[in-house]
Every structure is written in C-alpha cells, then in structure tokens.
Amino acid sequence: MQKIRYYFAFIVAKLVTFLLRVLHKRVPYYPGYVALRICPDFLTIVRKPPVVIAVTGTNGKSTISALLIDAFEELGYKVINNHGFNVKDGITAMFLQDMKLFGKRGEVAILEVDEKSSKDIYASVKPNYLICTNLFRDSMRSNSNIEYIAQKILEGIPKDTKVIMPADDLITVSSIPVENPIYYSLEPLKDESKEPYNLVCDLIYCPVCGSELVYTNVHYHHIGSSYCPKCGFTNPKSKYIGKVDDKKEILNVNGIDYPIQSKSIFNIYNLLSVIVCLKECQIPETKILDVAKHLHIIDSRYSSEKVGNHTIVNIMAKGQNPVACSSAFQYVANMPGSKELIIILDDVADKKYSVETVAWYYDTDFEFLNQKNINHFVLSGVRAMDVYVRLLFAGIPKIKMDVVEDETLAYQKVHLHESDNIFIIHDIHQYDQSLIIKKQLKEMIQK
Amino acid sequence: MKLEILFPEVCNLYGDRGNITLLEKCFPTHDFIYTSLLDEPYFVHHDVNFIYLGPMSDSMQEKVIQKLMPYQKRIKELIEHDVVFLFTGNALEILGKEIIDESGKSIHGLNIFNIMTKKTPNQRYNSLVLGSIDEHKIVSYVSTSSTSVIHEPRLMDVLKEKNNSNEEGIHVHNFFGTYLLGPLLVLNPYFTKTFLKLLKYYEPLPYEKELIKAYDLRLEEYLRVGVHY
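Chains as they are written, first to last, in my numbering: chain W, 1 to 447; chain C, 448 to 676.
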C-alpha cells in the first residue's frame, strides 16, 4: 500500500513539476509539498545518492553548501542540492527531481537544513556527514534563542552520521554532545582581541558549572578559545587546525596551504569547514588543492569590481541576524581606504505586508561603522529611518548621513568625490536592488 | 540617581539592550550600576531609583529566579516604595507564582504578582502590537514561547494584536512589566518622555526629533498593515 502511495505521489509530483515549468513558476519546493501530502513517507522511500552531506547552524549554511557544490562538481561528481529551500518540502523536491528516466542520477547530495526542521528531515534522510557551522542568536521570530535551536538540532541527529563542528564555538560543542565529533579550529589571527568585544556575547558563563569563563582569544562574538577556571571546561582538541597567513592570503590546514578567496572571518571559517569535509570524504589531497583554487564565494554574498578610480563592493548582510551583520560591518570597517556606505537592510516581503521588527539592530555592532575613514552613509529602504536612529546612537554624526527611502534614488546621494571605495551592504532579499544600485553607480562614475 | 541594570550580560535577548542604550544617553555614566549574575544586587543594601531586567532564555529564567529569590521581600518593598521598575520580555514571568514547562515541571517564581506562566517552546507566538498607554499610542512587537494568565492591574490597552487580546503587561505602583519588545523605549518616544519623568528626567530625549519621525512612520504603517511579522 505504501509503495502504491509512493508511486502515485511520484507521478503527481512529476506532473506538478512539469506544469510549473510550463507556466514559468519558480516554486521549486512545491512538488515536494505535493508528494509529501500524498505520501508522508515519500522522503524516507525516495532514492538517495551514496553520499549525503547536510549543513546546518545559524550562519554559513548557504555559503558552505554552495562551496561544497562547486567543489564536488569540480571533482567530477553529479551533485544535487536543495537550493536553500531548507525544510522538508524543499529537500523532498530535490530528491524527487533527481529521479529521472534519462541522465545521470546524483552521486552527492548537499542539503542545507534549517535547524528547526532537523528532526523531521533526519528521520527520513540519514546524512553521511553533518556540518554544524555555529550557533548564535538569530531572527527572533523564527529562532527564539540558542538553547531552543540546539535542542532541535540534537533531537534529530542520526546515530551513524559523522558530525563536523568548530571547536572554537563552545555553544555548539556543549549543546550538541554527539559521539566522536570531528572538530576543527582556527588559530588566533593577527591583532585579535583576547576578550569578547561585541555588544552581545552569548557565552559568558561555563555551561557546565556556571562560573565566569576566561577567554584567551576571540575571533568574534563567542567564537574563540576560553576555559573555566573552576571546572576546567574548555575547547576540545581539534583534528584539523587552520592557520591564516594574511600577507600570502593562505589558509594552512594541517600543514597544507589553500588560497583564501575572502578575508572575512566568516568566510575563512566557511572555507575551513569545506576543506575539512572534503578531507573527511577521503578526497585525495592533490584534488582538494586543485578544487580550492577555483572555489569562490557566490556573488550574491560578496562581489567586488573596480570602476575607474572607485571600487564597488556588494556585501550581503543577513537581515534579522545581528551576528552576520556585525561581521559584515566589521569587515567593511577593517578595509583600508576611504569609504562610502549604502545600507539597505530591510526585508522586501515585510515592506509589502507588514512592519518588520528592528529590535535586532540593538544587538548589532553598528558602532563598528563609527570610523574616520567612513566618510558618508546613504541609508535606504523602508526602514532607513530606523537605521538612521541606530547609527545616531552609535555615534555617527548627522552630517555624515543621508536618508533616502526609495532605493532607486539612493545612488543620487552618494558622495563619489569623497571616497574611493563604495560598499553596498544589503539584506539577502535586497540582492537584486543592490545590483541595480551598482549599475547606477557605474554609470555615474563612467560619465 | 541610581539606575541598576540586572544581569545585562545574560538578560539581553531580542535587542532589548536598546532600552539601556537610550537610558545611557539620558543619564550620566556614574548613575548606572550593572549587576552581573554572580554579584549581589546593589538594591539589596542600597537605595535605587530604577531597576531594569531584560528578556532571557528559559534556562536563564531558572537561574535568575534562584538568584533573586532571597531578595523577594526587598523587591516587594521597593515596588511598594514606588521605585521605578522596567521588566521586559519574559523577565516579568519570574515575579509570578509559577512557571510550568511543557513536561509539566513547575518552577516557583518570586510570587510578587499573580501570574501563572506555561511554556510553549514549540509554539512560538509573534505579533505586531498596537496599543495605548494613557494618551500614548504604543508600537511594538511580542515574540514569546509562553503564555501567561495575569491577574494584576494592566499596563496597556491592546488595539491590534494577532491573538485579539485586550490588555498587556502589568503596572503596579511604578512597576512596569511587559512582554513588549522593540525596544519599547526607543520605538515609543512619547511614552518614554512620560516614563522618564518618573526618574525626574525632563530634558528632550537624545535624537528626539529623529525618534519621533521614526515613530510617526511606524505608527502610520501599523495602522495600515496586518499584525504578522
């Protein structure tokens, strides 16, 4: 009976896929939704590739997934992935799409898994490897707080899945106590702080005994090295250790050098976790080296282009996420040279139907942007006034800022003559708009 | 003036430290006392004018209750003596009778107010909230994984919220307890001006013009859109 339901669901979902294509509707998760409604066990039954790698955690899921896809494709594997549709419907749709009469079927599946959906998905899909990127406070409407999310991830992890996680993230380490995890860590970078320096730090006290932790090195927020002077709780030993050579732009992992594509700490960790995963998948070292040379951060996350005497940099700063935005701000602040910033952080869907919360602004380190060499700000989007208020609280003088709600006019307020580097810091849903602004700026510069 | 901020290193969820940021711009630095979870609260042996406690995780609630339980009488005394309190998010719950988790396990609160709380971690409730406190329209949000039954004088009349509730929060003497997030003081400058008069602050707010402009824009939106976010 179950098989009959499965095959019926398969046929109907394939028909739905065909119809969506004919109607030019981009709703990739929908066939999965249909399949699961007809056959709730569809995801359990459908064929899986020999290698399934899941990626979960607060930040970095999409970037790491994209890098893994690039890497395995470069290695010659047929790769399938769920394109960021990281709940059950999207993952089901991915496996469904792989079931075709003609053409090669997937050999590697890269699944980006929403933390809250872990139990649901891993009940049906047993990944060979699970990368837990990190755990931070995230959007308050969906992810409540870290404890809740950690519990959701832990509840779902299958016994035989090898879990890869950063030893530098003691929240992940202590909240997800699996057997025989594979740890990786990053040695201190040049000039890093010895103590937490962000507005918020989600790990102040020892998760074992409650005493105050002593930090010895901080990459960002709570990510780094610390120990409890009372019970000795500290970072576990790592199988893989990364060392950054800033001048040579190299990430050395256990004695082997890999080129760095982006120097932001987020992306260094993303690259490190990808290299670790490839090593654990027994990919030969020479091949990992070849692949690493061609890996690049997807353009929607980061792109840089020289236009005349200016450099225009588009940086995605995930909205509703104080840690991701703080990291983006810190990266911009640390870049040399004179800077102009265009900031559009609001969620396009919220603009249409609701009023998004700006509470997260006050967990975000806008203070990083209070710098002499950031000459001017253009704040745009429906929440521009709220960003303006937040930047005033961060100590940015009014004279340095212009507020333009209409994003299509933001470029007009840019002070080209003041800065060589123009940064467009945008929410994930404002990627298309950021490209329009970039195009407008290019035309302005070239005139 | 003494303003005590309780456990800011851990009771700081959902951006509510923005309330503290605004207060820091209004009062001199030396007026503030930041009490960590490991310290004895300043209010235990000293007079204070204001006490703030922000939202925290569920496990932190238990620790904060344990921490403050020995001072339950003192807290009650301070409330009755009209010390100004602002407890936001789920901070309010610790002063209630009981918090029951989803397994049925009960944690006794400080029993200062008649509040019974039930945790609902798998049913997160999010809503825009439009309300009024006296003559002031309030624009805010709630984001909770618990429900509380409150039998105390209420803080705010709710005009628009997802669950169609009529009232929100607690206002007893100068104790203000509310689930409202925002941060409340940043998003509602008119209310904040009235609130700060309790602390003898009569000056304009920092960046008052801009706060009001942001508020006006938001209020117009709240009147126009639905309550989901």
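Fair warning: there could be bad hints in the mix.
In silico negatives: residues of chain W with every beta carbon more than 10 Å from chain C [as the list claims (entries may be wrong)]:
no.	residue
1	Tyr6
2	Arg137
3	Cys201
4	Gly210
5	Glu212
6	Pro284
7	Ser354
8	Tyr362
9	Asp363
Straight-line alpha carbon distances no greater than 20 Å define the calculated EDC-like cross-link-like pairs of lysine to aspartate or glutamate that follow [claimed, not checked]:
no.	chain 1	residue 1	chain 2	residue 2
10	W	Lys230	W	Asp245
11	C	Lys660	W	Asp406
12	C	Lys660	W	Glu405
13	C	Lys640	C	Glu655
14	W	Lys3	W	Asp41
15	C	Lys510	C	Asp494
16	W	Lys400	C	Asp604
17	C	Lys510	W	Glu147
18	W	Lys248	W	Asp290
19	C	Lys660	W	Glu179
20	W	Lys398	C	Glu524
21	W	Lys237	W	Glu187
22	W	Lys162	W	Glu107
23	W	Lys400	C	Asp505
24	W	Lys194	C	Glu655
25	W	Lys287	W	Glu107
26	C	Lys584	C	Asp604
27	C	Lys472	W	Glu367
28	W	Lys247	W	Glu187
29	C	Lys472	C	Glu657
30	C	Lys544	C	Asp486
31	C	Lys510	W	Asp290
32	C	Lys552	W	Glu405
33	W	Lys116	C	Asp505
34	C	Lys656	W	Glu405
35	W	Lys372	W	Asp420
36	W	Lys116	C	Glu549
37	W	Lys230	C	Glu657
38	W	Lys48	W	Asp98
39	C	Lys514	W	Glu212
40	W	Lys442	W	Asp432
These aren't lab readings, by the way, just hints derived from the structure by calculation.
The beta carbon of each residue, even a glycine, is placed where N, CA and C say it ideally should be.
Hints not upheld, ascending by number: The structure breaks hints 2, 3, 4, 5, 7, 8, 9, 10, 15, 16, 19, 20, 23, 24, 30, 31, 32 and 37; every other hint is satisfied.
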